[in-house]
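**Q** Residue-level listing of the chains:
Protein chains: 4
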Amino acid sequence: MPQNISKIKKIGVLTSGGDSPGMNAAIRSVVRACNYYGIVCCGIRMGYEGLINDYVVELGPRSVRNLINRGGTELKSARSQEFRTKEGREKAAKTVKKHNIDALVIIGGDGSFTGGTIFQKEHGVPFIGVPGTIDNDIFGTDYTVGYDTALNTAVDAIDKIRDTATSHNRVFFVEVMGRDAGFIALNSGIATGALDILIPEEKDSIEDLFIAFEKAQEKGKSSSIVIVAEGEKLGGVYDLAKFTKMKYPEFDVKVTVLGHIQRGGSPTVADRVLASRLGVAAVEGLIAGKSNVMAGMQSSKLVFTPIEEAIKKHNEIDKDLIKVADILST
Amino acid sequence: MPQNISKIKKIGVLTSGGDSPGMNAAIRSVVRACNYYGIVCCGIRMGYEGLINDYVVELGPRSVRNLINRGGTELKSARSQEFRTKEGREKAAKTVKKHNIDALVIIGGDGSFTGGTIFQKEHGVPFIGVPGTIDNDIFGTDYTVGYDTALNTAVDAIDKIRDTATSHNRVFFVEVMGRDAGFIALNSGIATGALDILIPEEKDSIEDLFIAFEKAQEKGKSSSIVIVAEGEKLGGVYDLAKFTKMKYPEFDVKVTVLGHIQRGGSPTVADRVLASRLGVAAVEGLIAGKSNVMAGMQSSKLVFTPIEEAIKKHNEIDKDLIKVADILST
Amino acid sequence: MPQNISKIKKIGVLTSGGDSPGMNAAIRSVVRACNYYGIVCCGIRMGYEGLINDYVVELGPRSVRNLINRGGTELKSARSQEFRTKEGREKAAKTVKKHNIDALVIIGGDGSFTGGTIFQKEHGVPFIGVPGTIDNDIFGTDYTVGYDTALNTAVDAIDKIRDTATSHNRVFFVEVMGRDAGFIALNSGIATGALDILIPEEKDSIEDLFIAFEKAQEKGKSSSIVIVAEGEKLGGVYDLAKFTKMKYPEFDVKVTVLGHIQRGGSPTVADRVLASRLGVAAVEGLIAGKSNVMAGMQSSKLVFTPIEEAIKKHNEIDKDLIKVADILST
Amino acid sequence: MPQNISKIKKIGVLTSGGDSPGMNAAIRSVVRACNYYGIVCCGIRMGYEGLINDYVVELGPRSVRNLINRGGTELKSARSQEFRTKEGREKAAKTVKKHNIDALVIIGGDGSFTGGTIFQKEHGVPFIGVPGTIDNDIFGTDYTVGYDTALNTAVDAIDKIRDTATSHNRVFFVEVMGRDAGFIALNSGIATGALDILIPEEKDSIEDLFIAFEKAQEKGKSSSIVIVAEGEKLGGVYDLAKFTKMKYPEFDVKVTVLGHIQRGGSPTVADRVLASRLGVAAVEGLIAGKSNVMAGMQSSKLVFTPIEEAIKKHNEIDKDLIKVADILST
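Chains as they are written, first to last, in numbering that gives the first Met the number 0: chain F, 0 to 329; chain C, 0 to 329; chain P, 0 to 329; chain V, 0 to 329.
Just so you know, these hints were derived from the structure itself, not from any lab. Check before you lean on any hint, since a few could be wrong.
Identical copies carry no separate label here, and so any pair may be met within one copy or between two of them.
Think about it this way: if two alpha-carbon atoms lie no more than 27 Å apart in a straight line, the pair counts; the simulated BS3-like pairs of lysine-lysine are [what the hints assert, rightly or not]:
1) 253 with 9
2) 9 with 220
3) 218 with 241
4) 8 with 218
5) 218 with 246
6) 218 with 318
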């Protein structure tokens, strides 16, 4: 075990915002890395709520055994209104002081990182962020923890829907998660051979969708799946289904909203390994004196991105991939 | 190979009504059993629509290879309005005559069997039914083909929802399939440790649900899943969520409708084996001169039930199981 | 909550012998049922080893939360040599006395039940058995806890093997678990369309296997899977592969032993519900004064079978099912 | 549809060498991309064997429907001895001429690409390679088609093994695929919290393994999984188990060889999307006049690598990842 000569003797770890598969793997990684470097690790339950209300528990390497493959977050997560207030953050600072916590690892998304930044500015608590969200929309990392699992869960579900769509010559509108980002929609659409994929990043029109239906009919395609991202600008799946039925009364149109199943489940290997790397990196980064940065992987290399940049910019959809989707739906 | 000395030289097989996982395994079994007994087998596509419109194709043992593990139905299914008319059934009878089909195997549910019965009365075409539906509500068999798969799909999904429910201390209302029957709801509720299970067979009241919430809070249960069958009399999941939120504004209440994912997917072993047995049984039954009956398994024994009985009666929910659910949710 | 007027105030629960998926669901059910009936419940870790060495821990309803869907057994299991000695059982009796345990629920197989019977005779500790084993070979219940999961795990794996077998026109010998019983082999063989299925209950000859290969070749079947139960009398998979390669040097022959993956994994719905019912039944049986019996389900009815009978007799393979396998492999 | 003004009017596609999940998705992509660009597409069955023996079939966009999610390769694969001879390749050239095939897309690994290169040199048939192998050891692409699926299959299986290992306090040696490369071993080891991971790229010693066991015991770890790559230099899993048992007779040591299950199964999203991109890229590359190159993705960018380079060099294991494994196993 290497000697820890840095000022960091105690690290607190918390999960914040919407939960994502692999958060437990990230927690485990932070705890074990702390142990490896001779740092005490505290788990803070319920995100920033726990910081405010002193829900703090010491975690040793054995307390995170058999955790790597579990969905959800054992530390629980929450969206804290109180932490948005100066008073809330002052209470949180007292908890940090009381436990002699030298730095935080914050596992979450944009909103959670913003909270951490304000807290750091006001109370001087260093932190490193680990991107945990299924939406994959955080700049500074190719993938976020939870995205690969959510994507595979969506595709497993759409595969099942396709079985019944094909058996009945039906048109299915399937809504997948992604409020501002079409990553899950685009990739799940390609992976399931969707007729059309509607994402927030693209200006889609209902006429384009109708053209797609007509092309499909010409080619003898008898059933179709249309993937729609949650944040799609054209309207929700129910409206799209209604308009389609009005235009093509002979179609047997159905709607499925995949919803929260996309947030749970045992993480895929990619998410477990990513979470493991970033958890270790966050601890090593804090030891090295870094703060206000997010740990991410870009082109298989570890990269620390200033939090401000990670929050401001966004991962962009690959235009080539949209073209591939177009070619393959023919 | 045994000699076939019966009058049955050619059998037609079709899938009708809502599709269910295992229908392909049943088709394969009928085709292979026909081959074994020296009978020609024809697949009729699109259910009774195919009978009306002469969508008939001969199937040999190799044409059903690699089919046993696929969801949906390769013969496709449909609900035929035309077959409900005398004229429609006359067209269907011509198709039967044209192809010298001596008997039919009808894979489907109540409605499909009713159609077969009328057709048999009017045109003298013998048939045997194979119960294929995810609802498990057909009398004369302990389980229907597709039920076990749908149930496991529902539980896989609810397990994922529980991950996120637990991480956020949420209350989730999850709607599962079952228009008139609570089999999927009751069993998936027990299997996922649901707080409460609302099924059409029971008179549930919203007050009982509220009592369950309060008991749970007393015991320190911080998240809850309530399973609601599609056909539940008390109202849909959205209404239940609304009333709950009105009563307990502090609850974080979410809704998920599992929907059509429950109809697809590779069948479980139980469904594959059941479909395999019943497909063989249907062919052997027709050879033995039976008609107007449904093949089913009761207590691991093959049973032929008169179709009229299968349609009139319904499988009943096991009262003991409701008590078990009650004991275990404490 | 009903009043408990029986003499049973404290129940100990343990898992013993080979572990099986669903044991955790059974433990949870025993703990919750005890709670429901006002009985204190103790978990005994490591099977009879824990009884000897006083590994006893009190379990409340919250201590078994989120346990129903986990593979393995949280109480751990072991095969105890010491419990086979009089001295060992005397130590165990002291532990029982020390904790005022009035009765035991023993989750396990034949060997575990034999141990319980001897212990009961010598030291007067009542017990009820819950059949937990993947082999499904225990008399007095249609299915044992863990069997359905193991079977589905085996079939998932064989489906994958079939993908590669078909891609390469290969012959695969796949060994599945079942030392004395062919339930997993026969059912997984039917469910995956195996060419041949070799089980301990049948006298198979290598010549019959060769005939099956030749029939398959005549019919143009280009790849084949042969399922072999662990306890098959004809020899292991490696020998069978060797003989086959000697007879047909042109075959591309491969071997896979599925092994311990069949013992783990999240239990299927059938196993969760079965475990839930039997756990409640065991507690209710002890309250009603029963002992030395095993709780089981036969034809969907709860049945208590004298342990001696459960040990002596064995579930028998369904001959009809062997015929179905034969018909469908054509 | 864009106009195809290149000389490429007809493309042949084949899968060669060991099969991998996602090959079907790649075939589909080649066929659909050809259709999109107005090129006729021929499938060649059984790899180079099919080229020699004229197993050629025209494929339209509908002939690859419902193929993207299937394991294995519908075109079948083979290792051809005859294609290694000049005579074999001459026969193959005749087939190419006979069907007016202008170029080939070869989906496979190192060996398959070598074959394509020689064939191109001798007979002037342009080709582009698509890396399809579970081993992930091909230079010029971050990931090969099939690797992500194989890795997830391995981890699913090891998760199950861990359930039973933990229940019994056992030591399991698990062999995963990877003849020359430790990618599956290293990543599955991290993802399952393995005690130790033995890969061909590292000089492991049995003493290091024993030290790992002793550290684990000191820390109270009661069960352990050791992942061993197929090509590990120290010896096979059976030998390692034997040596371990000799050193620690009190250990309950078990062995599992995961084997061919790692080659099958429905591909993950990553593999489906990768295969889709590379299939389109291969067709577009041929249209653009490229040949003797492999299409790959590096840092989410499409890259064509000269085949010679792809064959000579190898993807290297990430040293940082080995350190992460080391930190987390503590």
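**Q** The structure should be examined with respect to each hint, and the outcome stated for every one.
**A** Here is how each hint holds up against the structure:
no. : hint         : verdict
1   : 253 with 9   : neither (53 Å within a copy, 37 Å between copies)
2   : 9 with 220   : between (61 Å within a copy, 24 Å between copies)
3   : 218 with 241 : within (24 Å within a copy, 45 Å between copies)
4   : 8 with 218   : between (66 Å within a copy, 21 Å between copies)
5   : 218 with 246 : within (19 Å within a copy, 50 Å between copies)
6   : 218 with 318 : within (26 Å within a copy, 49 Å between copies)
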